[in-house]
Every structure is written in C-alpha cells, then in structure tokens.
Amino acid sequence: MPESDLPIIIIGAGISGLSLAQYLRREKIPYHVFERDPSIDARPGGWGLTLHYGLPALEELLPPELYSRLNETNVNIEAVNDPGRYLFFDLKNGEAKYSLDFPKTGRLRVLRTKLRKLLTTGLDITVSVETNSP
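Just so we're aligned, residue 96 is where the sequence shown starts under my numbering, counting upward by one.
Derived by calculation from the structure, the hints in this document are not laboratory data.
Do not take every clue at face value.
Quick list of simulated restraints, FRET-style, between CB atoms [unchecked claim]:
no., residue 1, residue 2, range
1, 190, 134, 42 to 50 Å
2, 159, 222, 22 to 30 Å
3, 191, 162, 31 to 39 Å
No experiment lies behind these values; they were computed from the predicted model shown.
Note that CB positions come from ideal geometry on N, CA and C, so glycine has one too.
Work the whole structure out from these sequences, hints included.
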C-alpha cells in the first residue's frame with residue numbers, strides 16, 4: 096500500500112478529533128476515528144462552550160454545509176448573531192473594569208453535546224465494545 100493511502104488515525108471523538116476528521120473527509124484524505132466510549136453520546140462532556148476567536152479556524156476545517164449549521168447547536172437560539180461582548184468586573188466593588196468585543200468573529204455559545212453530534216455528520220467512527228470482563 097502506498098504511504099499516501101494510509102489513513103490518519105484519530106484517537107478520540109471529541110470536538111477536536113471530530114473537527115479534524117471533518118477536515119480530512121472534506122479534503123478526501125483517508126482517516127479513521129476511534130472512540131473509547133460505546134456511543135458518541137455516552138458522556139455529556141460538560142455543558143456549554145463559547146466559540147469566538149476559533150470560529151474562523153473552524154470555518155476552515157469544516158465542510159461549508161456543516162459550518163452553516165453551527166447555529167443549530169446554540170445554547171440559546173435567540174442569541175444567534177450575538178456580537179460577543181464580555182464584561183469583566185472588579186469583584187471587590189462590582190464595578191465594570193473593561194470589556195472584550197469580538198466584532199470580526201462574533202461569538203457562538205453552543206451545547207457541547209449538540210456540537211459533538213453535528214460534527215459526527217458523515218463520519219465513520221469506531222466505538223468501543225463494552226465487555227463484562229474485569
């Protein structure tokens with residue numbers, strides 16, 4: 096088998112591994128994803144995740160049809176297209192100290208479980224088979 100036909104092995108079907116797999120799939124580069132859990136939704140993996148600076152990189156990784164569906168994973172669908180302003184407070188007196196804005200990228204607050212499920216679209220993932228052995 097020529098070297099170029101060897102698949103890239105991705106260990107773990109978390110957000111990073113799935114994003115990489117989507118890029119490889121889009122570029123028609125052989126890959127294989129292995130997940131230790133018996134299903135993709137076996138672990139909740141936390142609640143939410145805020146995407147801002149990483150959105151342009153994610154856009155480069157994902158096929159356009161998946162990137163366009165990111166809003167489906169939003170924690171609050173009414174907050175879609177949030178310009179992304181974060182206030183930081185002085186905890187001694189409660190006064191606002193400064194803010195960060197993300198005018199170029201905006202921000203997207205997603206549910207990790209929904210994002211992970213979206214990122215599995217079109218991927219072949221090998222999951223662990225549970226056994227009862229000690």
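Each hint tested on the structure:
1. 190 <-> 134: 42 to 50 Å: Cβ of residue 190 to Cβ of residue 134: about 47 Å, so the range 42 to 50 Å holds.
2. 159 <-> 222: 22 to 30 Å: Holds, since residue 159 and residue 222 (Cβ atoms, about 27 Å apart) stay within the stated range.
3. 191 <-> 162: 31 to 39 Å: About 33 Å separates the Cβ atoms of residue 191 and residue 162, which means 31 to 39 Å holds.
No hint from the list above goes unmet by this structure.
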